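Protein chains in written order, with this note's numbering: chain A, 1 to 305; chain B, 1001 to 1358.
Some clues are possibly wrong.
[As the list claims (entries may be wrong)] Stretches of chain A that chain B covers, calculated by requiring three or more beta carbons in the stretch to come under 8 Å of a beta carbon on chain B: (1) 104-113; (2) 209-218; (3) 247-255.
[Stated by the list, open to error] Pair by pair, the computed Cβ-Cβ distance ranges are: (4) Trp1278(B) - Ile129(A): 40 to 46 Å; (5) Leu274(A) - Arg1103(B): 51 to 57 Å; (6) Ile129(A) - Met1328(B): 49 to 55 Å.
Because the hints were derived from the structure by calculation, they are not lab data. Bear in mind the structure is a predicted one, so any value in this text is a computation, not a measurement. For glycine and all other residues, C-beta sits at the position ideal for the given N, C-alpha and C.
Residue strings, one per chain:
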Amino acid sequence: MDILIFIVGGTLAAATALIFAAMGELVAEKSGVLNLGIEGMMATGAAMGFVVMSLSGSYTLGFLAGAGLGMVLSLVHAALTLVFRANQVASGLAVGILGLGLSSAIGKKFEGRTVDGLPETGIPILSEIPVLGPMFFQQDIMVYMSILLIPATWYVLNRTKLGLTIRAIGESPEAAHALGLKVRVIRASCVAFGGAMAGIGGAYMSIAYTPLWAEGMIAGRGWIVVALTVFGTWMVGRVAFGAYLFGSISLLQLSIQALGLNIPSQLMSALPYLVTIVMLAVISRNPMFIRLNSPASLGATLKLS
Amino acid sequence: MLPKTLKLTAAAATAAALALPSAAQELTIGFVYPSPIADVGWSAELDAGRLAVEEHFGDRVRTIFVENVPEGPDAARIMNQMAAQGAGMIMLGSFGYMNDGMRLAEQRPDLTFIHASGYLLASNFGNFQSRNYETSYLVGMAAADVTETDTIGIVAAYAIPEVVGMINGFALGVQEVNPDATIKVVWLNSWFDPPLAQESARALMAQESDVIYSLYQDTPSVVSVAEEEGVWVINTSSDMKEYAPTWLLASQVADWSTHFIDSVQASLDGTFEGTAFWGGYADDTVDVESWSESISPETMAMIEEAEAAMRAGSFHPLTGPIEDQDGMTRLAEGEVITDEAMLGIDWLVSGVETRIPQ
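Pulled out of the complex, with its shape left as it was, chain B reads as follows:
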């Protein structure tokens, strides 16, 4: 890994140089990203949060970042270096940074940390996630509206609770508009393999799926093949309209600005508490961008209504009666799933054809 390490060291050195304390700044904030900041994708989305922090606080804070940091010793070294160079707050952008981050948080109670996903908490170590199943529900309604074959395909990485929850939200949205639609899933069993993702999308299209839901594919692999083949596509985690100007049905996005700004404010005020932030519509964290014009006005009105209800906190997509694939009742009439159950969800709703890999 020689060149990568060299590059990292160089990047860390730059970060260190930038981090020299200056009188005007009250707080230096370090951002650690797991992948390169591209035009789109997870790191790009986090970086948008960083820019929002800069804009909001102006000269009061300084941000530094290191991208493409592998989980493990490299990440530990980068965050230690950020701390040693005067960073007062660190944002950790990947699940795998958790243990190293927590170790540093214990050694340096004067620093504050916010960590993407993960489950460890301390008084100076909080984590954040988004309630993507809310937007999944809305794009599911749109998918059901445009499908002509009544077959919708999903390309998904691994069956972790977040992904399973999103598939459930999506399927319930589909069924709200079109109860007859069939939903198929191809599990890639890989976090990152753009050619495989594209092959999966083609496999689904060959079997009549005319809407493809690209779940956490960080590259435009699925989106661009859908545009090429003339098949509707929905993207997760950042807007990919430019890669599929005609056939993008909608993009589910997360906006970390509000949470990042709140956390920075709390660090400045000395009121930071390590909490588990799980932001949805009610917290302005999730949204859908680039709705296609082809969605019928009736469905769009239903979508807007559901969105407004979620913003107001009066509606949860997983509200009973809900049966799972085996026909077992998981939620009784009117029962709303608890956050705890949602965080560990391991069953799919009836109507999804493919099973969860066990």
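Chain A extracted, bound-state conformation:
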């Protein structure tokens, strides 16, 4: 039973940073801007969030600082790609590397330090339920927020005028421009939202999930986010499903190792990646469907005067 609570309850927390960053990346990509710098933005968010939280003692300030710096970095990407028409892939990579370096500089004095993690907030009554209570209703506040972010992102993208505008720009920025939509402003806002969410995801890693700062602690999770949006075919539900699947298989493989079953541990370490890719590829195997959902202008240089 403990194992079950560990895996199910742990998955929600393990996927939280991925959910934040992936929802942000999804919105940016829906508007047609590929941001490959997520890893760097998460790292800067983690460093900044940790430093501000340790100095101020406030989790709120920590998350805000992480979000703020993630946003600033993503705006560099927005400026390069939208104003100076740089290649989105090259710019994203460059900004990501800049972010990794920046995180190291910001966190220098705090290397290897710890803070108390974000406390858990039990939901009254519900958290008392045996088994289910500790699994779902004894989490920290950001876990609940990340769960709420999923339907919110879906609603905005699919049921509001703003969402329609974002998707229209992602399909054809030229046509949207001809209709009088402010393509650059909206795209930049979507990228900024993505950067802020990546910053929050990073800060979640350093002040809530693994409450410590160590350079390189994001350890590739930003790249998983980029992969999730693509394998989830830019659909909110599938991207979220992918994040939870990845989180649960990561914890499952550690539990299987801890059980002492004699399965090669290299295979177990690769399992989260394999299962997530296979599952998402299977549910998204219809090529027509992928083409319908992928933003047509994704990655293309903006052709507006």
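Dock chain B against chain A, hints included.
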């Protein structure tokens, strides 16, 4: 890597400025560290050795250091720069600096090098390692003493011989005190992933491990989660008492001071020989710090006895009879493992449940 490179260049420039030869100093020693010098961890431990050298020799030597140096061209450039600026001795703090260091050692026979881990040797290029399996044996005894579930979990990075040797030493220590205890290992297959290390510790706790042995996790990831959950924890490579004031059972540490001071003395005297230094208790290189008060006096007495025997060189943790996981006899009654076999060890003793990744 723009910012990192800039930072490195800046650091190297500072190092270079510091290294200007001065009449009072007989020797400038350069230290190259693979990670930032934090409060704890591998680089911090090496840097403690540097400070000991400074204190011992005073004005006779000057030390310079560059931290967070990636293996590869950056490392080669930093060590070349140190050599060009008059360093007479260089300490290389990571396995991956070996080939670049050796190349420089061949070009500059007037310099001396000491290199952490690694296997290449030359007359002016020595390497150093610590016999951590000795302290692993002692902390294993302590783990067996405090466990109530008879289940002990290990979080380990990769199955390299050093780590395998430490797990064996640990398991033998556990079995000395509590032959019924179960030992489980989670292999991370990653050198650095603090969140994954923490998840692994939680996975082990969810399956009743009430002592966690954190093997070469350079950050306090495992130690702090153990303190939070109220589970005993043992740390490797530096003392992390401040991160787990209640639940830290012990910390295995290595002290490079003696070896560094000896090597510097040899360089000053012109008697440096490139040797493979493998220091244990007998060489004052390894020790255990911050023993918990909760260890029973009987076990503590056994630990002290074993420690004294290792200091005297009369006891090796891997002394037969020892069987491996398949029940094959690896060491016969009374047989002591050779250093050569220990350096290439690729089997786990019986009693460890998890297999080595093949």
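Results for each hint:
no., hint, in the structure
1, 104-113, "holds (count 6)"
2, 209-218, "holds (count 8)"
3, 247-255, "holds (count 4)"
4, Trp1278(B) - Ile129(A): 40 to 46 Å, "violated, 56 Å"
5, Leu274(A) - Arg1103(B): 51 to 57 Å, "violated, 40 Å"
6, Ile129(A) - Met1328(B): 49 to 55 Å, "holds, 50 Å"
When each numbered hint is compared with the structure, violations occur for hints 4 and 5.
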